[in-house]
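> Please model the complete structure; the sequences and the hints are all you need to start from.
Listed in order, the protein sequences are those of chains A and B. Note that numbering that gives the first Met the number 0 numbers the first sequence so that position 67 is 66, with each residue one more than the last. Note that numbering that gives the first Met the number 0 numbers the second sequence so that position 104 is 103, with each residue one more than the last.
Honestly, the hints are just simulated from the structure, not real lab data. Warning: the hint list may mix true and false statements.
[As the list claims (entries may be wrong)] Facing chain A, a subset of chain B residues (Cβ under 10 Å, in silico):
id: 1; residue: 24
id: 2; residue: 153
id: 3; residue: 286
id: 4; residue: 288
Ideal Cβ placement from N, Cα and C applies to all residues, glycine included.
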Amino acid sequence: MIVFIIKRFLAAIPTLLILITVSFFLMRLAPGNPFSSDHSIPAEVLANINAKYHLDEPILTQYFYYLGGLLQGDLGPSFRYKDFSINELMAQSFPVSAEIGIWSFLVALLIGVGCGVIAALKQNSGIDHAVMAFANLGMVLPNFVLAPLCILLFSIYLNWLPSGGWNDGAWPYLIMPVIAMSTSYIAQIARITRGSMIETMHANFIRTARAKGLPMSHIIFRHALRPALLPVVSYLGPVFVAIVTGSVIVDVYFSTGGIGQHFINGALNRDYSMVMGVTILIGTLTILFNAIVDILYAVIDPKIRY
Amino acid sequence: MFMSSKLQTVDALISTDADIDGRSLWQDARRRFFANHAAIASLIILACITCISLLGPLFSQWHYEDIDWEALSDISLLGRPSIESGHYFGTDTLGRDIFVRTMQGGQISLLVGILGSFVAVVIGTLYGAISGYVGGRIDNLMMRFLEILNSFPFMFFVIILMTVFGRHIFLIFVAIGAISWLDMARIVRGQTLALKNKEFIEAAHACGVSGLQIILRHIIPNLLGIVVVYATLLVPNMIILESFISFLGLGVQEPMTSWGALISEGAITMEIAVWQLAWPLAFLVLTLFCFNFLGDGLRDALDPKDR
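Here is the structure:
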């Protein structure tokens with residue numbers, strides 16, 4: 000098991016290196032550069048700026064500069080926010096996205112699994128149909144639709160919640176971003192849980208447990224839930240990363256100042272190091288959580304041996 | 000007499016019996032699909048939405064670029080939806096007719112959704128089938144490549160493709176399709192692995208059919224069911240994605256529009272003109288809802304073990 004974990008993480012290193020390399024060169028080869036949009040900079044000043052950021056050197060040299068910085072944990076200076084390094088901007092915005100993300104993840108997980116299990120246990124009843132209709136509705140309400148609807152309802156008509164801002168994560172500021180983030184995931188998780196729970200409840204070992212006269216709660220929590228949650232776990236890995244690294248939509252609509260906004264602005268302004276920083280963050284987390292999912296799989300499912 | 004009539008009925012029975020031939024997989028699937036009322040209703044609604052999107056602009060006196068200067072003077076009053084002014088859905092804050100713009104946006108959204116999925120399905124199916132069929136080291140390499148692509152943030156690709164290819168509408172869906180085939184490829188590969196050891200593949204191989212021919216003529220037709228299902232489920236994702244890109248200001252360019260662009264405009268002005276948000280949103284949500292039901296219906300019909 001330990002060997003497997005070590006192997007799994009070692010295999011991630013080349014993937015990460017390729018990710019860094021490819022995104023570095025793709026970003027540089029795309030037309031435009033960070034200072035091309037600034038109007039009328041004298042050529043000498045531009046040359047100075049380019050020299051400061053090593054932009055006048057061959058691309059390969061730039062690449063090794065960047066890798067060298069990366070090894071020391073330095074993501075480089077921002078090309079857009081002139082007085083900030085990427086590390087500082089990340090340290091500012093990632094906790095915001097992470098806080099919204101972790102709450103959204105917990106909400107999505109609890110409600111999603113709950114709904115899915117209830118729907119599966121009452122298969123084809125009114126409750127099942129109601130829960131699944133709700134789940135279907137969640138799937139067709141993407142966050143850029145939900146966010147304005149939430150603001151319209153809670154801030155403009157009812158005037159209950161502030162329409163935006165962060166305020167160090169005070170709960171009134173958290174509610175709408177969490178709703179906008181979690182709804183579509185609730186729907187997905189509920190659908191997956193329902194499907195696999197129905198399959199599990201028809202399995203032979205559940206029939207045996209029933210025949211032994213075990214109480215229903217015991218059957219559900221001790222016997223059915225564990226195998227039924229396997230497909231959910233494999234779905235959750237990438238989802239956790241996607242949720243935690245934030246969403247542009249949420250950042251823009253609720254002005255929370257999370258990481259998603261920086262990513263898009265960085266890409267539009269050719270802020271190379273910002274885009275690279277976020278790409279590396281998301282890539283690393285994706286690879287890390289895929290590995291964790293693999294390991295969790297082995298823990299949950301005793302049939303899997305490495 | 001009695002005997003002969005009995006013989007006749009038996010005769011008739013035999014002759015009718017001979018007419019009944021076995022039901023094919025597709026006939027079975029069609030029967031199951033037509034028994035699913037939600038899926039049929041969705042199909043009808045989708046057909047209606049498509050027709051309205053294509054034909055609707057003909058029934059309005061406005062054009063999607065036209066500005067109604069009179070309504071512009073007081074949007075919250077004169078821009079309201081009304082039959083008399085010809086603005087069935089009202090106008091936006093620039094005085095443009097929402098009805099016609101929603102229809103025009105619908106054309107773009109549906110086109111991007113369907114063509115984007117088409118691109119994704121073609122690439123994904125070929126990639127997955129080749130990877131699964133060839134196997135061995137090439138399979139390993141191809142799957143490794145997939146894993147690397149998968150660890151890139153999705154938006155990174157979208158933005159790079161947008162900056163390289165510009166903001167042409169047809170390039171948008173090619174770009175979207177070109178990065179959405181990853182799941183498709185994985186699903187198809189799994190199915191191919193299950194198929195490739197079947198006798199009929201072995202038979203084709205023994206007859207000297209080339210690898211490419213086996214993939215195109217024998218493997219892909221057998222994957223068609225699952226491909227159709229996932230293609231249907233891809234379309235709403237594509238529409239959402241296009242809307243998202245339009246929201247970022249990278250999608251369709253003015254004066255053309257899409258549902259996503261209309262929604263993001265409407266979200267800004269929702270305090271003055273709710274209808275500017277409401278109509279495109281209603282159309283988008285209804286369309287996505289129908290595609291999801293249609294996809295579920297197709298899955299139940301073509302892939303019954305999943306129920």
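> Next, verify each hint and record whether it holds.
Cross-check of the supplied hints:
Among the interface hints, the one on residue 24 (chain B) is violated; its C-beta lies about 23 Å from the nearest C-beta in chain A, farther than the 10 Å criterion. For residue 153 (chain B), the interface hint holds, since its Cβ comes within 10 Å of a Cβ in chain A; the closest pair sits about 9 Å apart. Among the interface hints, the one on residue 286 (chain B) holds; its C-beta lies about 8 Å from the nearest C-beta in chain A, closer than the 10 Å criterion. Interface restraint check: residue 288 (chain B) against chain A, minimum CB-CB distance 5 Å, threshold 10 Å, status holds.
Consistency with the previously given hints fails for number 1 only.
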